[in-house]
Amino acid sequence: MSSTKTIQPDDATASLIRLLDAVDALPGAADLRAHTYDLLRVSPGQVVVDVGCGAGRAVSELADRGAHAIGVDPDPQMLAAARGRWPDLDVREGFAGDLPLDDGAVAGYRADKVFHEIADPGAALAEARRVLTPGGRIVLIGQDWDTVVIDTDEPELTRTIVHARASTVPSPRVARGYRSLLLDAGFDDVAVEVQTAIFTDRLVPAMLSGFAAAACEAGAVGREEADAWLAGQAQRAETDRLFVAVPLFIASGVG
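The sequence shown begins at 48 in the numbering used here and counts up by one.
Mixed in with the good hints, there may be bad ones.
As the list claims (entries may be wrong) - Think about it this way: if two alpha-carbon atoms lie no more than 20 Å apart in a straight line, the pair counts; the simulated EDC-like pairs of lysine to aspartate or glutamate are:
1) LYS160 with GLU285
2) LYS160 with ASP85
3) LYS160 with ASP78
4) LYS160 with ASP274
5) LYS160 with GLU140
6) LYS160 with GLU174
7) LYS160 with ASP287
8) LYS160 with ASP122
9) LYS160 with ASP198
10) LYS160 with ASP145
11) LYS160 with ASP193
To be verified - Label-pair distances were calculated between CB atoms; the ranges are:
12) GLN282 with ASP85: 20 to 30 Å
13) SER227 with ALA61: 33 to 43 Å
14) ASP71 with PRO252: 40 to 50 Å
15) THR215 with SER90: 16 to 26 Å
16) ASP236 with ALA72: 28 to 38 Å
17) PRO294 with ASP236: 20 to 30 Å
18) ALA81 with GLY257: 48 to 58 Å
19) ALA76 with ASP149: 24 to 34 Å
20) LEU230 with SER62: 17 to 27 Å
21) ASP236 with ASP57: 16 to 26 Å
22) ALA166 with ALA72: 51 to 61 Å
23) ARG177 with GLU271: 29 to 39 Å
Simulated from the structure, these hints should not be mistaken for lab results. For glycine and all other residues, C-beta sits at the position ideal for the given N, C-alpha and C.
Taking the hints into account, I'd like the entire structure generated from these sequences.
Right, here's the structure in full:
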């Protein structure tokens with residue numbers, strides 16, 4: 048008798064899944080996901096791929112709409128989490144630049160907060176064109192890492208920390224270039240809109256600690272300076288004055 052080994056997420060992946068779950072539970076998050084599904088305009092039975100699917104929430108929601116939804120992610124731990132939550136999901140291991148799909152296999156392509164992690168977004172879009180059927184739709188969602196807004200009494204230091212964090216991402220400013228990238232890749236009817244995610248609660252400390260740690264590792268600020276900055280944000284938290292705004296760029300087009 049054969050057995051299938053269950054993959055358990057390591058601490059880093061488990062922490063990321065918890066963060067993604069918390070983001071998905073924010074007010075307005077479900078409406079934003081639903082809006083991206085509407086932009087795909089996929090009819091029941093049509094095939095759609097969610098690239099960088101993570102733990103599979105969007106794949107499940109697209110399937111609930113009647114689509115044949117496929118999730119692709121490079122992390123086996125994420126795929127295991129997706130299968131654990133939704134055993135019937137079609138999720139596959141693969142990369143945005145090398146999708147495990149045939150030419151013209153899908154009517155819709157969706158990538159949410161993925162393209163900033165891709166060193167060559169143009170190659171990923173060429174791969175999207177390959178797997179999309181003629182007339183298929185693409186939807187990209189993501190943040191511009193240089194435009195994260197943090198309310199602070201130290202704007203120059205905060206700007207330094209934000210930019211240092213952005214520099215740790217392969218393509219930190221890709222979202223502002225979605226329109227040009229889609230046009231350059233040959234997509235038609237390209238449209239871009241912006242919605243803003245507001246963070247004032249439990250997600251903020253972990254987010255800001257990550258920004259400060261990245262800035263320290265990059266040598267942009269010293270640990271003492273970063274700790275003082277975090278202490279100032281902690282003081283804001285005690286008086287309910289923490290505020291972070293992240294513009295989300297949503298681009299769509301027709302292949």
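For each hint, the structure was consulted:
1. LYS160 with GLU285: Answer violated: LYS160 to GLU285 is near 30 Å, above 20 Å.
2. LYS160 with ASP85: holds (18 Å)
3. LYS160 with ASP78: holds (16 Å)
4. LYS160 with ASP274: Violated, because 28 Å separates the two Cα atoms, which is more than 20 Å.
5. LYS160 with GLU140: holds (18 Å)
6. LYS160 with GLU174: It holds: about 17 Å lies between the C-alpha atoms, which stays within 20 Å.
7. LYS160 with ASP287: Violated, at about 28 Å.
8. LYS160 with ASP122: holds (15 Å)
9. LYS160 with ASP198: The hint is violated at about 23 Å.
10. LYS160 with ASP145: At roughly 18 Å apart (the allowed maximum being 20 Å), ASP145 and LYS160 satisfy the hint.
11. LYS160 with ASP193: holds (14 Å)
12. GLN282 with ASP85: 20 to 30 Å: For ASP85 against GLN282, whose Cβ atoms are near 42 Å apart, the range 20 to 30 Å is violated.
13. SER227 with ALA61: 33 to 43 Å: holds (37 Å)
14. ASP71 with PRO252: 40 to 50 Å: violated (19 Å)
15. THR215 with SER90: 16 to 26 Å: violated (40 Å)
16. ASP236 with ALA72: 28 to 38 Å: holds (33 Å)
17. PRO294 with ASP236: 20 to 30 Å: For PRO294 and ASP236 the Cβ distance comes to about 23 Å; the hint holds.
18. ALA81 with GLY257: 48 to 58 Å: The hint (48 to 58 Å, Cβ to Cβ) is violated, given that ALA81 and GLY257 are roughly 28 Å apart.
19. ALA76 with ASP149: 24 to 34 Å: Given about 32 Å between the Cβ atoms, the range holds.
20. LEU230 with SER62: 17 to 27 Å: Roughly 37 Å apart at Cβ, these two residues miss the hinted range, so it is violated.
21. ASP236 with ASP57: 16 to 26 Å: Check failed, 42 Å falls outside 16 to 26 Å.
22. ALA166 with ALA72: 51 to 61 Å: violated (31 Å)
23. ARG177 with GLU271: 29 to 39 Å: violated (50 Å)
Hints 1, 4, 7, 9, 12, 14, 15, 18, 20, 21, 22 and 23 from the list above are not met by this structure, while the remaining hints are.
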